[in-house]
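Enquirer: Based on these hints, arrange chain S on the given structure of chain Z.
Number of protein chains: 2
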Amino acid sequence: MEHFSKSQINEMDKIYRLNLVNSCTGYKSANLIGTVSDKGVYNVAIFSSITHLGSDPALLSFIVRPTTVPRDTFKNIIDNGIFTVNHVYFDDIKDAHHTSARYPSAISEFDMTSLEKEFIDDFKAPYVKSSKIKLGCKFINKYEIKENNTLLMVAEINDIYYDKNIIQDDGWLSLDKAKTVTINGLDGYALPSLLDRFKYAKRKDE
Amino acid sequence: MEHFSKSQINEMDKIYRLNLVNSCTGYKSANLIGTVSDKGVYNVAIFSSITHLGSDPALLSFIVRPTTVPRDTFKNIIDNGIFTVNHVYFDDIKDAHHTSARYPSAISEFDMTSLEKEFIDDFKAPYVKSSKIKLGCKFINKYEIKENNTLLMVAEINDIYYDKNIIQDDGWLSLDKAKTVTINGLDGYALPSLLDRFKYAKRKDE
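These protein sequences, in sequence, are chains Z and S. Residues are numbered in the numbering used here as their position in the first sequence, beginning at 1, plus a constant of 979. Residues are numbered in the numbering used here as their position in the second sequence, beginning at 1, plus a constant of 979.
You can take every hint at face value.
Which copy is meant is left open, so a pair is good if it fits within one copy or across any two.
Below, simulated DSS-like cross-link-like pairs (lysine-lysine); rule was C-alpha separation at most 25 Å, straight line:
{"no.": "1", "residue 1": "Lys993", "residue 2": "Lys1181"}
{"no.": "2", "residue 1": "Lys1018", "residue 2": "Lys1121"}
{"no.": "3", "residue 1": "Lys1103", "residue 2": "Lys1121"}
{"no.": "4", "residue 1": "Lys1156", "residue 2": "Lys993"}
{"no.": "5", "residue 1": "Lys1073", "residue 2": "Lys1158"}
{"no.": "6", "residue 1": "Lys1143", "residue 2": "Lys1156"}
{"no.": "7", "residue 1": "Lys1108", "residue 2": "Lys1018"}
{"no.": "8", "residue 1": "Lys1054", "residue 2": "Lys1125"}
{"no.": "9", "residue 1": "Lys1096", "residue 2": "Lys1117"}
{"no.": "10", "residue 1": "Lys1181", "residue 2": "Lys1108"}
{"no.": "11", "residue 1": "Lys1111", "residue 2": "Lys985"}
{"no.": "12", "residue 1": "Lys993", "residue 2": "Lys1117"}
{"no.": "13", "residue 1": "Lys1073", "residue 2": "Lys1156"}
{"no.": "14", "residue 1": "Lys1158", "residue 2": "Lys1178"}
{"no.": "15", "residue 1": "Lys1111", "residue 2": "Lys1073"}
{"no.": "16", "residue 1": "Lys1156", "residue 2": "Lys1178"}
{"no.": "17", "residue 1": "Lys1117", "residue 2": "Lys1103"}
{"no.": "18", "residue 1": "Lys985", "residue 2": "Lys1125"}
{"no.": "19", "residue 1": "Lys985", "residue 2": "Lys1121"}
{"no.": "20", "residue 1": "Lys1018", "residue 2": "Lys1183"}
{"no.": "21", "residue 1": "Lys1143", "residue 2": "Lys985"}
{"no.": "22", "residue 1": "Lys1073", "residue 2": "Lys1183"}
{"no.": "23", "residue 1": "Lys1054", "residue 2": "Lys1117"}
{"no.": "24", "residue 1": "Lys1108", "residue 2": "Lys1183"}
{"no.": "25", "residue 1": "Lys1108", "residue 2": "Lys1156"}
Hints listed in this document are in silico derivations from the structure and should not be mistaken for laboratory results.
Chain Z with its partners taken away, still in its complex shape (with noise of 0.2 Å):
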């Protein structure tokens, strides 16, 4: 096989060592978030880092840097503690994609893209219309990573919308179904389809 050693790492041009350790931990989850500004602008900003955190109590964490980019989506959700998490469809990737664009906080992503806002049930902070699956989130907690100045912000899952031919019997949502996409990288956007569920795993030898 092929090596590249942590010196190697270290010296790299910047853009490689980003293409290369952004790809090398395997595929990450593709969600845009939602916020609304205390002056009432709409924010959509791609993630690639949103994890499941646990399930009693339904929890979800992702790492933002605070001094880059998406500033906004960071200052929205302190200022008022909520926000929204959207499955990237298949179809809107492009537009998904362009969310990372370094716009100002006076300009919507939401306007500059073909993605659309969507508000149920009272949430202040907007869906996204196209996402086959989204979640309604309040922030709790955030934990400052000093290794690299990011920080893992930690919330909680209130609300779940989903399309009803995406869940199976067991509470379990079908994602290639919902035609959710996968993030390879920084830029690659896939689309899974799914080998197989297994059971439970129990030992062999009893």
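Expert: Showing chain S alone in chain Z's frame:
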């Protein structure tokens, strides 16, 4: 759309909630963590929470519950500070899932599955031979997530191994060439196909 509220999520049957909440945040990475115990037992266990944390320095993070399975992985990492991360190859999903069975510490999952261990460059922790992208990692720090008594483990990526045909000229690893899978919920394994890669997003209004 269909809807579950916070109170409905709280009152669900445990297995239903596990399936629902584990699948509602989107696709997860599929990696096998390889470790060695202080008694020389080689452990390998499936993880779906490994996430890119930063590129410079090259860092990843993942979540563990010290009080539940897989305790061996956690203990081995704390005891000797190193581990490997191995992408799950599409042909190995059944064996990869089986590593979640609760074997005692004295039994190596390499002996209970068809997964083969491989040792590279004097690294003490075992790699998974069939994996097309694998990382040698050094544990750095852990953060206690008090909301649900989990730990965020932070580690440095010191070695990246990959098959030659997988890397692009700009450092991006093509995960669909590696036939790396992704996880849907607790037990669904899916194989992605690349739809597109996009350029760095620039404002449309400038």
